[in-house]
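Asks: Kindly generate the complete structure, drawing on both the sequences and the hints.
Here the protein sequences come in this chain order: P and A.
All the letters of the first sequence, read from the start, carry residue numbers 1 to 320 under my numbering.
All the letters of the second sequence, read from the start, carry residue numbers 1 to 249 under my numbering.
Note that these hints are calculated values from the structure, not bench results.
A few of these clues could be false.
As the list claims (entries may be wrong) - DSSO-like mimics (lysine-lysine), calculated; alpha carbons at most 30 Å apart, straight line:
#, chain 1, residue 1, chain 2, residue 2
1, A, Lys62, P, Lys110
2, A, Lys111, P, Lys110
3, P, Lys206, A, Lys110
4, P, Lys7, A, Lys131
5, P, Lys7, A, Lys111
6, P, Lys110, A, Lys131
7, P, Lys110, A, Lys114
8, P, Lys206, A, Lys99
9, A, Lys127, P, Lys7
10, A, Lys110, P, Lys110
11, A, Lys234, P, Lys206
12, A, Lys62, P, Lys7
13, A, Lys168, P, Lys7
14, P, Lys206, A, Lys127
15, A, Lys114, P, Lys309
16, A, Lys114, P, Lys7
17, A, Lys168, A, Lys234
Stated by the list, open to error - Label-pair restraints from in silico Cβ distances:
#, chain 1, residue 1, chain 2, residue 2, range
18, A, Phe16, P, Asp141, 30 to 36 Å
19, A, Asn26, P, Cys170, 57 to 63 Å
20, A, Met94, P, Glu308, 19 to 25 Å
21, A, Thr59, P, Phe311, 58 to 64 Å
22, P, Ile296, A, Asn41, 42 to 48 Å
23, A, Lys131, P, Arg55, 25 to 31 Å
24, A, Ala121, P, Phe115, 33 to 39 Å
25, P, Ile114, A, Ile243, 48 to 54 Å
Unchecked claim - Incomplete in silico selection of chain A near chain P, CB under 10 Å:
#, residue
26, Cys84
27, Ser109
28, Lys114
29, Gly152
30, Val164
Cβ coordinates follow ideal geometry from the N, Cα and C atoms, glycine included.
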Amino acid sequence: MFTGIFKDTSVRILITFMIVLCVLSSLVLPDWMQNNFMYGLSRGLAILGLMLLWRTNLVSFGHALYYGFGAYAVALCQKYFGITDILLRFAIAVIAAGILGFCLGFILRKYREIFFAMLSLAFSMVLYGLLAKAEFLGSTDGMSISPSTLLGMELTRQYLFYLITFFVICAAISIQAYLRSTLGHLTTAIQDNEIRVEYLGYSVQKAIHIKYVMSACLAGGAGGLMAASLGQVDPDSMVNWNVSGELVFITIMSGWGNILAPFIGAIIFEFIRTYAFEWAPQAWAAIVGGTLLAIIFFFPGGIWSVIEKVFNYGKKKNVK
Amino acid sequence: MSNDTVLKASDLNKSFSGIIAAKDINVSINQGEIVGIIGANGAGKTVFVNMITGYLKPTSGKIEFLGEDITGIEPRNATHIGLCRSFQISQVFMTMSVKQNLMIAMSLSKKNGKALLDPIADDEISKECDKILELYKILDQSNNIVSTLSQGIRKLLDIAMAVVGNPKVILLDEPTSGVSVEEKFGIMDIVIAALKQTETSVLFVEHDMEIVERYVDRVIAFYQGEIICDAPPKEALSDKKVIEYVLGH
Ligand SMILES: Nc1ncnc2c1ncn2[C@@H]1O[C@H](COP(=O)(O)OP(=O)(O)OP(=O)(O)O)[C@@H](O)[C@H]1O
Ligand SMILES: [Mg+2]
Chain P
1 MFTGIFKDTS VRILITFMIV LCVLSSLVLP DWMQNNFMYG LSRGLAILGL
51 MLLWRTNLVS FGHALYYGFG AYAVALCQKY FGITDILLRF AIAVIAAGIL
101 GFCLGFILRK YREIFFAMLS LAFSMVLYGL LAKAEFLGST DGMSISPSTL
151 LGMELTRQYL FYLITFFVIC AAISIQAYLR STLGHLTTAI QDNEIRVEYL
201 GYSVQKAIHI KYVMSACLAG GAGGLMAASL GQVDPDSMVN WNVSGELVFI
251 TIMSGWGNIL APFIGAIIFE FIRTYAFEWA PQAWAAIVGG TLLAIIFFFP
301 GGIWSVIEKV FNYGKKKNVK
Chain A
1 MSNDTVLKAS DLNKSFSGII AAKDINVSIN QGEIVGIIGA NGAGKTVFVN
51 MITGYLKPTS GKIEFLGEDI TGIEPRNATH IGLCRSFQIS QVFMTMSVKQ
101 NLMIAMSLSK KNGKALLDPI ADDEISKECD KILELYKILD QSNNIVSTLS
151 QGIRKLLDIA MAVVGNPKVI LLDEPTSGVS VEEKFGIMDI VIAALKQTET
201 SVLFVEHDME IVERYVDRVI AFYQGEIICD APPKEALSDK KVIEYVLGH
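Replies: So this is what it looks like as C-alpha cells:
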C-alpha cells in the first residue's frame, strides 16, 4: 500500500510544508500563532475526512458527531482510567469514532445527496442532545482536559504542536496512499457512475462504507487532538450543528484538489476567525460568510485552486 | 442442458405494475454463439438483458449459467462469474480519461481484498490496458477525457470495460445505437473479431438488420415481451411474424 509513497509529489509538498511550519513557529512566530496552527492542523484532519466524502459527492452535515465523539472519548478515558498520554488519546479518539462510523455506516451508505446530509445531521443532534443532558459528562458545561503526557513525561505546548504535526503527516500520507489505490479511484468513479461500478464487480455501498469509516476516524482524531490542545470539551463547541456547518464550510473553502488543502484551509480559517473577532466582534460571522461567498464566486475550486494557479504561473515563467 | 450450453433461461416472466415486459421466455445459448436480439421499441429487449445480468429480478422463472441457478444474482456477482454486459446508453466514467476508465475496470477484475489498496498505476496493468485499447482501436484516444469523445468511442470503451473480466457470455445492448452509419460496421468488426478470439458467447441487441445479417449465427425476435421467433438469420428475417411485428412492413 505504501510502496514508493515518498516519491509522491503531494506527499513531498505536505512534509515540506509541515517542517517549515514547525521551524517557523518555534523560531520566529509568536505563541498565539502557534495555537492557531495547532487548532488548524487538528481541525484539518476532520476536513480531510470531509474532502474524502466530497469526492464521492457526499456531504455530511453532521461530522461534528465524530469530532465530538473523539473529543469526549478522550475526556472519558481521562476521567475513568486516568489516561493522559497523547499517543493513547489520539488512538482512542480515532478508534472510538471509527467504531461509531462503522455502525452508522450500515445505514448511511444507502443514502445519497440531501438525505445523506440530513441523516448525518440527525445523528449528530442525537449525540448533542444526550451530551447536553448527561450530568456525569458535565452537561452543557462539558469537562476539562488535563495537559497531555508522552510516555509518562509532561509535554510542553511546543512538543504537543510537533506531535500534532506528526499525526497529521501520518494521516495525510495514509489518505494519499488510499487515493492513488484502486479503491481510492473507485470513489471518484462512484460519483461519476454507480451502475458501472457495480457492473465492474465492486459493491458501491461497501466502497462508500469504507470511505465513511475513514472519514469518521479522521474526524474523531481531529476531535481528540482539539480536546487535548484546548484543554476542554463541551457539547456546544464540539458536537452542535454549527460545528458541523463550520467543518463543511472549511471544506468548501479549502477545495478538494490535494491532501494539503484541508490543513491550509483550516489554518486560514483560524486566522480569519481570530482577526475577525479582534477587529469586528459584532460582525465576525458576516466576515466569515463573506469570505466563503467570495471563494465560491471567484475560486470555485477553493483555496487550493488559487495556490495551484500561483505555482503554475511561476513555473511557466521559469520555462520562458 | 447440452454440454455446450452456457446460459439458459426458463419460463422468465417480468411485469411492472400491470405492464408485461417479459412473458414465458425460454432461451438457451451455446458457447461461442453469436446471437442477435431484435424487436420494436418497448418489446422487452433491455428488460431481458437486465434480468440476465441481475439488474432486474424476474417475477418468476429461472436463469442458469454454466449449470448453476443465478436467478436474481447481484450485478457485481454476475460480473465475477463471467457474465458481463454493455449498455444501451454507455455507462462510462465521463470525467476520466479513456485509459483511467479501463485501468479501473482491469484493476478491479484482477485484484481483490488488500491488493485493492495498491497503487492503480501498475505497469503490468497499464500494458494490458494498452493492448485492449489497441484491439478496440482507441489507443490514440487513451488520454482524452471521455465526455469530450464521440458516441462511437464511448460505446467501444463501454464494451472494452465489460470485456476485461474475460466473460464467458457478454450481452451488448445496442452497441451501435447513436453511432453514425459509417462507424457502425467498423465498430462491429472490431468487437466481433475481438470476442471471437476468446470464444465468448455474444448476445447483442440491434435495430439495424444489415448488421444482424452480417454478424449473427442466430436471431431471437421479441414482441411485447414474448419471443416470436428464434432461428438462423435468413429464416428469421423472412418469417411472417417478424416481418409484421419487428420490421414493420
Ligand atoms: N423499470 C421499469 N419500470 C416500468 N416499466 C418498465 C421498466 N423497464 C422497462 N419497462 C417497460 O417494459 C417494456 C419493455 O422495455 P424495454 O426497455 O425492454 O424495451 P426495449 O425492447 O429495450 O426497447 P428499445 O428498443 O426502445 O430499447 C416497455 O413497455 C417499458 O416501458
Ligand atoms: Mg432497450
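Asks: Of the hints stated earlier, which fail here?
Replies: 6, 11, 12, 13, 15, 18, 29
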